[in-house]
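Required output: the full structure, derived from the provided sequences and hints.
Each protein sequence line maps, in turn, to chains A and S.
In terms of the working numbering, the first sequence opens at residue 1 and continues consecutively.
In terms of the working numbering, the second sequence opens at residue 1 and continues consecutively.
Honestly, the hints are just simulated from the structure, not real lab data.
Hints may contain errors.
Where chains are identical, the list cannot tell them apart; a pair therefore holds if satisfied intra-copy or between any two copies.
[Said to hold, decoys possible] Cross-link-like lysine-lysine pairs, in silico, DSS-like; alpha carbons within 27 Å at most:
id	residue 1	residue 2
1	K118	K130
2	K70	K3
3	K3	K138
4	K3	K207
5	K130	K3
6	K130	K54
7	K54	K138
8	K118	K204
9	K118	K54
10	K130	K207
11	K175	K212
12	K130	K212
13	K118	K212
14	K70	K54
15	K82	K70
16	K54	K207
17	K138	K207
18	K118	K175
Just so it is clear, the structure is predicted and the values come from calculations on it, not from any experiment.
2 protein chains.
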Amino acid sequence: MNKNAFRQLSYGVYVVSTWDNGRPTGCTANSAMQITSEPATIAVSINHDNYTNKCIQESGRFAISILGEKSAPSTIGVFGFKSGRDNNKFDEVEMAVKGYMPVIADACAYITCEVVDKMETSTHTVFLGKVLDADILKEDDPMTYAYYHNVIKGKSPKNAPTYIAEESAVPAKEKYVCSVCGYEYDGEIPFEELAEDYICPICKQPKSVFVKQ
Amino acid sequence: MNKNAFRQLSYGVYVVSTWDNGRPTGCTANSAMQITSEPATIAVSINHDNYTNKCIQESGRFAISILGEKSAPSTIGVFGFKSGRDNNKFDEVEMAVKGYMPVIADACAYITCEVVDKMETSTHTVFLGKVLDADILKEDDPMTYAYYHNVIKGKSPKNAPTYIAEESAVPAKEKYVCSVCGYEYDGEIPFEELAEDYICPICKQPKSVFVKQ
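Shown next as structure tokens:
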């Protein structure tokens, strides 16, 4: 079995959010798909270990914020690499309340849902949500998972014309990678010369968590 | 509720296939997502009215062929706009057998699965499949649903720089649209002057099913 085949499935980049007894919380997700049209239902898959899973089970509602290419990439880090158990994630990212639910203000669209069914697996819950409300928030292209990996991380995809040139003709440069979220530093200034208050643009962890590879 | 928000969710373009008592069949699908990692499971959503749904229920197995940008667009039509009840779809599209399952030979990757759970909704079954086999078939970019709509159909997306110019500055041209699959003819030759044996490049229906809009 070649697990690289799984990476050929196409996904978006979403924040799935809900209320935790009046406190907004949520997590980054890639797995969301519309299931039925009338009434409209959408399935999302959330890991059991995500605090958001427990909160959705309790509140019976969730919102999907569809991130766009112009959405701040730091949102992905805040919602993807910290736990809502210990962090008020919405303190760091601007929130809007739509359809009575907390959503990401700079997302390109949102959908709010009421849980009507679920399927449990060994590690994830697939929630089936009946859509209560949905709207476009701004003109933007939805961010795909491929865009997040290939563009935001600044790497050339394997089939881009620059790929072989980078690998062979240019001398190997030392890579600095964030040990928390995997972000690879690719700025113009050499990593060592960055100010000490440099933080990872994705997960906002300090310079000290970067490791040389 | 603004249902246009649903279109901001990102999807790929897949053929979900299986055996129908030794005869290969399948249908086009957009909804597939990996759910768990170890063991790997993937969820696909198939309409109750699709003959493939009945065949997966009976065989307990399915394959996902992940179409790439270089895959023949006619595959989408053959598998999306005809029923496997009355058509041997694989007579029109080259088949490969991988992991004992029928797959699309010119897909960029395939994944074969055994059904381990399912969730029924009003119109669709969400099958949860444990991955049995998977591999890359050729170097290609996976086709996204957005690519299928924006590039294969030849229309400008709303946020493309050409969109407003086309709509306002250029005199409105008569549009001919396939009444079966919705393909909009956009060739250089005026539609009326096309040979009578012209067929829709997507669903292979004859020229006579096109309607002027």
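Hint check:
With identical chains, the CA atoms of K118 and K130 are at most 27 Å apart both within one copy (12 Å) and between copies (18 Å). Taking identical chains as interchangeable, the C-alpha atoms of K70 and K3 lie at most 27 Å apart only when they sit on different chains, with a minimum of 21 Å there against 31 Å within one chain. In this assembly of identical chains, the alpha carbons of K3 and K138 lie at most 27 Å apart only when taken from different copies (14 Å versus 36 Å within one copy). Proximity of K3 and K207 under a CA criterion of 27 Å is satisfied in neither setting, with 32 Å inside one chain copy and 43 Å between copies.
When the C-alpha separation of K130 and K3 is checked against a cutoff of 27 Å, the pair qualifies only between copies, where the shortest distance is 13 Å, while the shortest distance within a copy is 32 Å. Proximity of K130 to K54 under the C-alpha cut-off of 27 Å is found in both arrangements, the shortest distances being 19 Å within a copy and 25 Å between copies. In this assembly of identical chains, the alpha carbons of K54 and K138 never lie at most 27 Å apart, being 30 Å within a copy and 41 Å across copies at closest. For the homomeric pair K118 and K204, neither the shortest alpha-carbon distance inside one copy (33 Å) nor that between copies (39 Å) is at most 27 Å.
In this assembly of identical chains, K118 and K54 lie within 27 Å of each other by CA distance both inside one copy and across copies; the values are 13 Å within and 22 Å between. Taking CA atoms no more than 27 Å apart as the test, K130 paired with K207 passes in neither setting, with 43 Å inside one copy and 40 Å between copies. In the homo-oligomer, the alpha carbons of K175 and K212 lie at most 27 Å apart inside one protomer (6 Å), although the nearest pairing across protomers, at 57 Å, exceeds that limit. In this assembly of identical chains, K130 and K212 lie within 27 Å of each other by CA distance neither inside one copy nor across copies; the values are 46 Å within and 37 Å between.
For the homomeric pair K118 and K212, neither the shortest alpha-carbon distance inside one copy (42 Å) nor that between copies (45 Å) is at most 27 Å. In the homo-oligomer, the alpha carbons of K70 and K54 never lie at most 27 Å apart, since the shortest distance is 30 Å inside one protomer and 42 Å across protomers. In this assembly of identical chains, the alpha carbons of K82 and K70 lie at most 27 Å apart only when taken from the same copy (22 Å versus 39 Å across copies). Proximity of K54 to K207 under the C-alpha cut-off of 27 Å is found in neither arrangement, the shortest distances being 32 Å within a copy and 55 Å between copies.
Within a single copy, K138 and K207 get their C-alpha atoms no closer than 33 Å, and across copies no closer than 40 Å, so neither meets the 27 Å cut-off. Taking identical chains as interchangeable, the C-alpha atoms of K118 and K175 are never at most 27 Å apart, the minima being 42 Å within one chain and 44 Å between chains.
Of the hints listed earlier, those the structure fails to meet are numbers 4, 7, 8, 10, 12, 13, 14, 16, 17 and 18, in rising order.
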